[in-house]
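All chains should be modelled from the sequences, with the hints used to inform the complete structure.
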Amino acid sequence: VLEVLSRIGGIAVHLVLLLMLPPLLAGLIVKIKAWFAGRRGPPLTQPYLDLKRLWHKGAVYSEVTTEVFRIGPLVIVASSLVAGLLVPLAGITAPLHFTGDLVVLAYLLALGRVATILAALDTGSAFEGMGASREAAFSAMGEPTLFLVLVAIGSLGQTAAHPSDWSLTAALAELTPDKWLIYGPALVPLGIALFVVILLENSRIPVDDPTTHLELTMIHEVMVLDHSGPDLALIEYGAAQKLLVLGSLLVDMLNFNSEQYSLLVRLPIYLSGLVLLAAAIALTEVAVARLRMRQVPRFLFGAFLLAAFGVVVVLFEKR
Amino acid sequence: VNWTLPMLAAPFVLALGAPPAWLLGGRGARLGAQAGQLLALVGAALGLGCGIPVLLGNGTLEYNHPWPMPFGAIHLRLDPLAALFLVLVLALAAVLIVFTARTIAPAAQAWFNILLASLVVVILARNITLFLVAWEVMAVSSFLLIASGRLADTPEGQEGAWSYLIATHLGTACLLAMLPVLASPGTGTLRIDQALDFDDLRPGRLTPLQLNVLFLLALAGFGTKAALAPFHAWVARAYRVTPAWVAAASSALMAKVSLYVLFRTVLELTAGHAPPAWWGLTLIGLGVLSGFLGMGGAIGATRIKVVLGYSSVENVGIISLGFGLGLLGISDGAPAIAVLGFGGALYHIINHAILKTLMFTATGLVEQNAGTDDLARLGGLLGRMPVVGTCVGIGSLALSGLPTLNAFASEWLIYRGLFRSVGRLSPANHVMAMATVAALALIGGLAAVCFTGLFGIGFLGVARSNEAGEAGEPISQRTERALLAGLAVAVLFLGVFPSFGVLVIRSHVQAMLAGLKAGGAADALASSFAPLSGLTVVSLLLIGTVVVLKLLRDRRLSAQPVTRGPTWDCGYGYRAAFPRGQYTPVSFMDPLAPMFPWLTVRRERKEAIAGYFPASGAVEVESDDLIAERVLRPVFHFAGLGIMALRWIQRGSIQLYLLFLFTTLVVMLIWQILF
Chain A
1 VLEVLSRIGG
11 IAVHLVLLLM
21 LPPLLAGLIV
31 KIKAWFAGRR
41 GPPLTQPYLD
51 LKRLWHKGAV
61 YSEVTTEVFR
71 IGPLVIVASS
81 LVAGLLVPLA
91 GITAPLHFTG
101 DLVVLAYLLA
111 LGRVATILAA
121 LDTGSAFEGM
131 GASREAAFSA
141 MGEPTLFLVL
151 VAIGSLGQTA
161 AHPSDWSLTA
171 ALAELTPDKW
181 LIYGPALVPL
191 GIALFVVILL
201 ENSRIPVDDP
211 TTHLELTMIH
221 EVMVLDHSGP
231 DLALIEYGAA
241 QKLLVLGSLL
251 VDMLNFNSEQ
261 YSLLVRLPIY
271 LSGLVLLAAA
281 IALTEVAVAR
291 LRMRQVPRFL
301 FGAFLLAAFG
311 VVVVLFEKR
Chain B
1 VNWTLPMLAA
11 PFVLALGAPP
21 AWLLGGRGAR
31 LGAQAGQLLA
41 LVGAALGLGC
51 GIPVLLGNGT
61 LEYNHPWPMP
71 FGAIHLRLDP
81 LAALFLVLVL
91 ALAAVLIVFT
101 ARTIAPAAQA
111 WFNILLASLV
121 VVILARNITL
131 FLVAWEVMAV
141 SSFLLIASGR
151 LADTPEGQEG
161 AWSYLIATHL
171 GTACLLAMLP
181 VLASPGTGTL
191 RIDQALDFDD
201 LRPGRLTPLQ
211 LNVLFLLALA
221 GFGTKAALAP
231 FHAWVARAYR
241 VTPAWVAAAS
251 SALMAKVSLY
261 VLFRTVLELT
271 AGHAPPAWWG
281 LTLIGLGVLS
291 GFLGMGGAIG
301 ATRIKVVLGY
311 SSVENVGIIS
321 LGFGLGLLGI
331 SDGAPAIAVL
341 GFGGALYHII
351 NHAILKTLMF
361 TATGLVEQNA
371 GTDDLARLGG
381 LLGRMPVVGT
391 CVGIGSLALS
401 GLPTLNAFAS
411 EWLIYRGLFR
421 SVGRLSPANH
431 VMAMATVAAL
441 ALIGGLAAVC
451 FTGLFGIGFL
461 GVARSNEAGE
471 AGEPISQRTE
481 RALLAGLAVA
491 VLFLGVFPSF
501 GVLVIRSHVQ
511 AMLAGLKAGG
521 AADALASSFA
531 PLSGLTVVSL
541 LLIGTVVVLK
551 LLRDRRLSAQ
561 PVTRGPTWDC
571 GYGYRAAFPR
581 GQYTPVSFMD
591 PLAPMFPWLT
601 VRRERKEAIA
611 GYFPASGAVE
621 VESDDLIAER
631 VLRPVFHFAG
641 LGIMALRWIQ
651 RGSIQLYLLF
661 LFTTLVVMLI
671 WQILF
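Chains A and B supply the protein sequences, listed in that same order.
First residue of the first sequence: 1, per this note's numbering; consecutive thereafter.
First residue of the second sequence: 1, per this note's numbering; consecutive thereafter.
Quick caveat, the hints were computed from the structure, so don't treat them as lab data.
Watch out, some of these pointers could steer you wrong.
Cut-off 27 Å, straight-line C-alpha distance, at most; resulting in silico cross-link-like pairs (DSSO-like, lysine-lysine) [as the list claims (entries may be wrong)]:
1) Lys318/A x Lys550/B
2) Lys31/A x Lys57/A
3) Lys318/A x Lys179/A
4) Lys52/A x Lys517/B
5) Lys550/B x Lys57/A
6) Lys31/A x Lys52/A
Computed from a predicted structure; not experimentally measured.
Spelled out as structure tokens, the structure:
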């Protein structure tokens with residue numbers, strides 16, 4: 001009975017984190033960036049207020065658009081939400097875990113992306129077509145890197161105790177501190193590669209600049225130009241949630257979460273991990289400029305090589 | 001009930017439909033075509049009638065009768081694996097028959113009947129001569145179907161049909177070459193008056209060298225028809241000009257039957273033994289190559305049928321990869337990997353056959369109503385053709401390999417097999433498995449780009465031409481639309497409930513594990529397919545969340561002002577030029593295409609822009625198949641030079657040819673007497 005209760009409690013905490021935390025993470029990045037620029041920046045709760053404002057606004061739909069444009073934002077949120085159910089947050093066993101859920105995670109993210117791209121193409125606008133085309137191309141190139149990271153995590157989780165279990169939850173639970181001592185040289189490049197994937201997937205500098213004022217230089221923002229009101233709120237929320245989900249994957253890799261500690265210990269560690277991640281993203285954005293479009297593939301290929309290197313080291317260490 | 005008779009009757013009834021369609025001319029032509037359709041449906045029903053019981057596990061049907069052909073016998077066998085493909089092919093064929101019923105030309109109907117009859121015999125034939133005859137009939141009838149389109153008389157159309165004919169005969173040549181290999185010294189038992197069956201291709205009878213050569217010949221011969229890279233060069237040229245439903249028959253029926261014969265032959269060559277590891281690795285390698293070259297071709301293509309054709313190359317690659325992984329699992333004694341590989345391959349065959357029938361028939365309706373399948377001239381079709389558009393949308397998402405749809409489930413099995421291979425197979429294969437995962441991920445990413453492009457540019461946005469702007473869904477096509485909707489529902493169902501889908505293939509996977517030395521096959525079977533229910537949970541959660549969010553959003557919007565206006569488009573607000581300002585297939589692929597110069601041949605012609613106020617500017621981008629341009633063109637060029645040297649034989653006088661025949665006979669007679 002106690003176990004069932006703690007499981008239900010775990011799921012409840014997971015859902016609360018997954019549903020409530022994303023805007024805070026987005027706000028945190030803005031805040032840290034502002035600090036570096038010597039400004040005070042908007043309050044941490046600003047994204048919540050923005051979402052509330054958008055949710056209570058009306059909407060304008062283009063005459064050109066079809067049902068695809070209206071379903072797009074729903075699929076974006078649904079995919080990031082279900083993806084979030086697969087990733088353990090704060091070391092809590094994910095509400096949904098089964099063998100091979102790593103692949104499902106990657107393809108759920110792809111589903112959200114495809115929904116964004118199709119909604120953009122539905123407007124018939126050349127600007128949005130441009131963003132769609134760039135997003136499609138770059139994310140396709142990021143896919144192998146994400147998969148290599150997943151392969152590495154999975155094969156590290158492949159132990160005598162879990163011979164065939166390939167769920168994210170089981171694999172990440174195996175990443176104990178003593179594993180870090182052995183596999184550190186592999187986990188560092190893998191972590192960096194995953195960080196690049198996070199930057200790519202969430203349209204951050206140096207791949208994309210969410211704050212630029214010129215549509216010609218945008219990727220993600222130009223795709224959602226035509227969305228307004230509640231739809232835009234859903235898209236913003238889904239984007240923040242995706243950042244949280246992928247970010248948690250990285251934090252889970254780095255934080256030495258272990259079942260032996262109680263949630264009261266793990267939760268602060270997890271949250272400070274997220275703060276560190278936000279700081280890292282903000283620092284990157286402050287330190288470097290957005291790359292020229294033609295150079296993005298090189299950047300992504302670099303991350304791919306890092307991930308490949310990491311996987312090879314893992315494989316050789318395991319033997 | 002003895003089902004052997006209907007099994008024998010099925011190909012006959014199918015073929016019997018051809019004569020009326022050929023012979024009845026003038027006013028009776030339509031009637032002839034209808035007779036052909038009716039007999040085709042009856043034949044298909046007969047085939048399904050004996051196929052389904054066998055598929056459900058009620059024994060095996062066999063018929064063996066002497067046949068005075070070299071190595072010949074009328075030897076047919078309907079076992080469970082054959083039944084799976086017989087049912088798949090005939091069910092989809094029935095869809096195509098109904099789909100084309102109103103529009104098909106009588107001659108095309110006749111050849112379609114012949115094609116279906118030959119497909120049935122190809123699936124059932126156990127005798128090699130009988131098989132080769134049926135295979136050749138299939139090749140010729142499908143060639144005539146490909147050449148039956150309305151572009152058949154254009155140079156483009158002739159080139160397409162011609163490339164197909166050359167490819168298919170080169171493939172058959174590889175199969176014919178299998179006969180002398182069988183007869184090579186060492187076995188010695190091959191006699192011309194003795195029936196030669198597929199059952200004779202087994203490790204005990206043949207030397208390892210013979211087995212290896214036979215494997216390679218089968219790979220090239222069957223791979224050509226299945227469009228496995230590097231034997232796929234005909235795809236772009238043939239699919240560009242063929243009627244859409246013929247492309248469906250080629251991609252969904254013939255390619256799958258070719259894969260079936262390939263797998264079957266490979267399994268028979270191993271027959272209960274572990275195959276050499278390089279067989280599996282070769283299949284995986286060609287699978288990855290197919291994936292890349294298929295997607296490379298699709299990125300460069302602007303016609304829906306060509307994109308779909310290249311996507312078939314990619315998917316055949318995924319199937320081959322899965323099968324290769326299964327073989328590797330057997331070679332290395334890893335049951336779970338074998339189950340995931342074989343299971344993924346078989347399930348993907350079913351899924352892809354349904355998907356390609358759906359997509360090609362939908363393309364046929366697009367061609368009929370919008371006049372073209374050129375994406376650069378389409379746009380906005382979803383609004384005017386809601387049923388066809390929705391079906392293409394579902395098919396596109398499925399072909400992108402996205403969750404809740406069927407192709408994801410089978411690719412997921414293969415991914416799991418690969419993930420498992422990392423660290424499980426012999427060490428040299430770790431890196432292979434890792435590289436294959438990365439390659440498959442990139443291929444999947446490219447497929448998503450291709451199909452978001454196909455659907456987004458062709459069916460969303462605004463029409464780019466008048467024909468596309470006036471397209472609609474006439475009431476007369478409601479049967480066709482109902483079929484499309486049915487296929488789309490199947491795609492969704494097999495994706496949401498893959499556990500049901502794999503019930504059909506479970507026993508076949510088990511049979512394929514015969515060569516496994518290590519035990520644990522039963523455990524592996526259960527533990528590998530059980531997690532499929534996880535996909536059901538994810539799918540239902542996804543769909544449920546979308547529905548809930550939709551209710552929430554729509555309730556919110558009902559209380560707030562909702563207006564309609566022009567697309568914002570950064571405030572430009574131009575109207576007249578708007579449709580032409582949209583992204584085209586070429587511009588959509590522009591960030592991607594130059595990054596993979598090794599996947600396709602790309603020619604760009606640019607008019608240089610000069611001065612501050614250029615009066616004009618133009619760019620033209622054209623892509624061609626890599627293998628066709630870089631490999632086959634030079635090879636055929638030099639082969640042509642060599643053959644020209646023999647031109648003097650070809651005098652065009654019939655007496656001379658008769659003399660050649662006579663001389664050959666005399667030489668053979670002398671040979672027979674002397675040796």
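Give me the numbers of the hints this structure contradicts, sorted from smallest to largest. Hint check: 1, 4 fail, others pass.
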